[in-house]
Amino acid sequence: MQQHTTITEARFVGNTDLRSTAKSGGRPIHRMLAAFSAAYFIGALVTDVVYWQTLNVLWERFSIWLITAGLILAGLAVVAYAIDLFAGRQIDRPAWPRAVGYALAILLSLINAFVHSRDAYTAVVPMGLMLSGLVTVVLLLTALIGTVLANRSRVGG
Amino acid sequence: MMRALNIAASAKLPRLAILLATVAGLGLAGCDDHAGDPKRQIGANPVLPEIQQYLMPPMRVAKVVGWGEDETPAAPQGLQVHALATGLEHPRSLYVLPNGDVLVVESNGPKAPVNRPKDIITGWVQSFAGAKAKDANRITLLRDNGDGSPKLRTVFLDHLNSPFGVALVGHDLYVANTDAIVRYPYEDGQTSIAAAGTKLTDLPGGPIDHHWTKALLASPDGSKLYVGVGSNSNITENGIGAEYERAAIWEVDRASGAHRIYASGIRNPTGLQWEPETGKLWAIANERDEIGPDLVPDYLTSVRDGGFYGWPYSYYGQHLDPRVEPQRPDLVATAIAPDYALSSHVAPLGVAMYTGTDLPANYRSGAFVAEHGSWNRTPLNGYKVVFVPFSGGQPSGPAQDVVTGFLDADNHARGRPVGLAVDRTGGLLIADDVGNTVWRVSSVRPGSVSSIR
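Residue numbers (this note's numbering), protein chains in the order written: chain V, 25 to 181; chain C, 2 to 454.
Keep in mind the hints are simulated off the structure, nothing from the lab.
As the structure is a computational prediction, the values presented were derived from the model and not from experiment.
Using N, Cα and C, we set each Cβ at its ideal position, and we do this for glycine too.
Possibly wrong hints are sitting among the right ones.
Facing chain C, from chain V, some residues (calculated, C-beta under 8 Å) [said to hold, decoys possible]:
1) Leu-79
2) Val-81
3) Arg-142
Label-pair restraints from in silico Cβ distances [said to hold, decoys possible]:
4) C:Glu-276 / V:Asn-80: 40 to 46 Å
5) C:Ala-259 / V:Val-161: 54 to 60 Å
6) V:Asn-80 / C:Pro-186: 32 to 38 Å
7) C:Asp-402 / V:Leu-109: 58 to 64 Å
8) C:Ile-121 / V:Leu-109: 29 to 35 Å
9) V:Asn-80 / C:Ser-257: 32 to 38 Å
10) C:Met-57 / V:Arg-176: 40 to 46 Å
11) V:Asn-80 / C:His-172: 44 to 50 Å
12) V:Leu-109 / C:Thr-87: 57 to 63 Å
13) C:His-320 / V:Asn-80: 24 to 30 Å
14) V:Val-161 / C:Asp-203: 33 to 39 Å
15) C:Leu-332 / V:Leu-109: 55 to 61 Å
Using the sequences and the hints, build the whole thing.
Here you go:
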């Protein structure tokens, strides 16, 4: 998540072999997908808070669509990651804490999608709001740990 | 819920295993459903359990198999059931004209918009229950002379817009489309109407139009029309603004088209009928979903002028629904508990107060109620026509099953009863919108078989 991946970096490489399809701009494509899904999950916390404050159902709908889109992108990220794994690409050690944290965020978001599919107020308050908050915390901590580990491994070799 | 969280918390497991375990856990949570005996929820004082909120609301639709050759619904001894007409397109409601002609409203709801991912899933599941059948948008006329003389079936009115209610006052025939009441000129014995209709008033229609059926009933003096206007959501998930003048019974002035809200807080009122003994207005209502297999019981009730019946804020009087915010304690305080619960999720959609003489004496005072059947409860509930006995203008005993057999032994749907009417000779007519048939229930008499095929 801390890879500063932006749209301008995302060049899709031609369909020549499995390895290159799973890459984008020299970075694994799953990281880009994961970054987008994380942004959607965190966006849902913002729209949840706005719904809680305004009780305007439009914001509740934003939340469930954001979570759904996040889950779809997360699914694609997992597929891209699996392709990397099976294609035998080197997955460096610091990636593992990130992967576990991200998997937890996906699971919580899946539950959150079901909670957000309830009707009216209790789709968000309190459980949906709490889950969106929890997912955000998990994602931020994952990013933080990932950064620390990445720096340590770079420094310590 | 807790089960899934606990599994997620032990994140030491391989990810795939966690995912599988969680999905399985969610599935179990979805089936964690302890539906009670529906009999405990029939009558004036239904047992109301605690509210349950789901991760995955149960969906249990009866797969449609249709009626086999010579299969008919079942009725108790002394009654017989015959098909009056088959091969209809989603017959939804019935109206009997003074000369005995039967109008069959073939109709289905407008296409539901997708506002949330859930709407896609719900639409897909309900398509298995035949709810998305072709929409003929027309009214078919059936004439059955009953003595072997030629029988007639014509297209009476075509190109309507999700019609449901029909009412005749003098020579004015009113059709309640989902978005307007339209008046047509009608002469006795007419078998089709070509004249363009005249709009009497608009009714709340699209773009959401969650409950689209507009039931219609004329006052005995013909000066007013009563219209059942269902809510625009299960429980305000489309916003309270979408509910303006909905979940209500309208009183429309027949001369001017002006309307006022006669009663409100009734989630989906249909089956408007005058109780013959007291002359009071009665209705059935479909109550809210997704708070448990035994909440909230659908009901049959008299409707008071100016009465508020709770939706969306509360049910059965002052039982609050936590899904509705902001609440309205001022309205809840005035909420009237309905007269007679029919048990949960049976989906009553047709009522016939019986005033005929053909059926046996035990059916001569009371209301037949068609229960379309549940789609979110295990075991299934409804899928039959019941009789609620009345005495002194009030229900006087438990509902009795009258017409059954809409489900087969495997709980597959041969048909689903919707609209009811009593024909000129006192037979009970049942519109079956999945079996695409109109059934006629009558007393057993030798040689009284009738059908229009």
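Here's how the hints hold up against the structure:
For V:Leu-79, the interface hint holds, the least distance from its beta-carbon to any beta-carbon of chain C being 6 Å, beneath 8 Å. Contact between V:Val-81 and chain C, as hinted, is supported at the beta carbon level, the nearest pair being about 4 Å apart and thus within 8 Å. A least Cβ separation of about 6 Å between V:Arg-142 and chain C falls short of the 8 Å threshold, and the interface hint therefore holds. The supplied range of 40 to 46 Å is met by C:Glu-276 and V:Asn-80, whose beta-carbon atoms lie about 42 Å from each other.
Taking the beta carbon of each, C:Ala-259 and V:Val-161 are about 57 Å apart, inside 54 to 60 Å as hinted. Taken as a hint, the range 32 to 38 Å is violated for the pair V:Asn-80 and C:Pro-186, whose Cβ atoms sit roughly 47 Å apart. In this structure the hint that C:Asp-402 and V:Leu-109 lie 58 to 64 Å apart at CB holds, the actual value being about 60 Å. Between C:Ile-121 and V:Leu-109, the C-beta spacing of about 32 Å keeps the proposed range 29 to 35 Å intact.
Remark: the range hint 32 to 38 Å for V:Asn-80 to C:Ser-257 is upheld by a beta-carbon distance near 36 Å. Separation of C:Met-57 from V:Arg-176 is about 42 Å and conforms to the stated range, judged on CB atoms against 40 to 46 Å. For the pair V:Asn-80 and C:His-172, the beta carbons lie near 49 Å from each other, so the given range of 44 to 50 Å is met. A hinted range of 57 to 63 Å holds for the C-beta pair V:Leu-109 and C:Thr-87, which are about 59 Å apart.
For C:His-320 paired with V:Asn-80, a C-beta distance near 26 Å keeps the hint of 24 to 30 Å intact. Against the hinted window of 33 to 39 Å, the Cβ-Cβ separation of V:Val-161 and C:Asp-203 comes to about 50 Å, which falls outside the hint. Evaluation of the 55 to 61 Å hint for C:Leu-332 and V:Leu-109 yields a pass: the beta carbon distance comes to about 59 Å.
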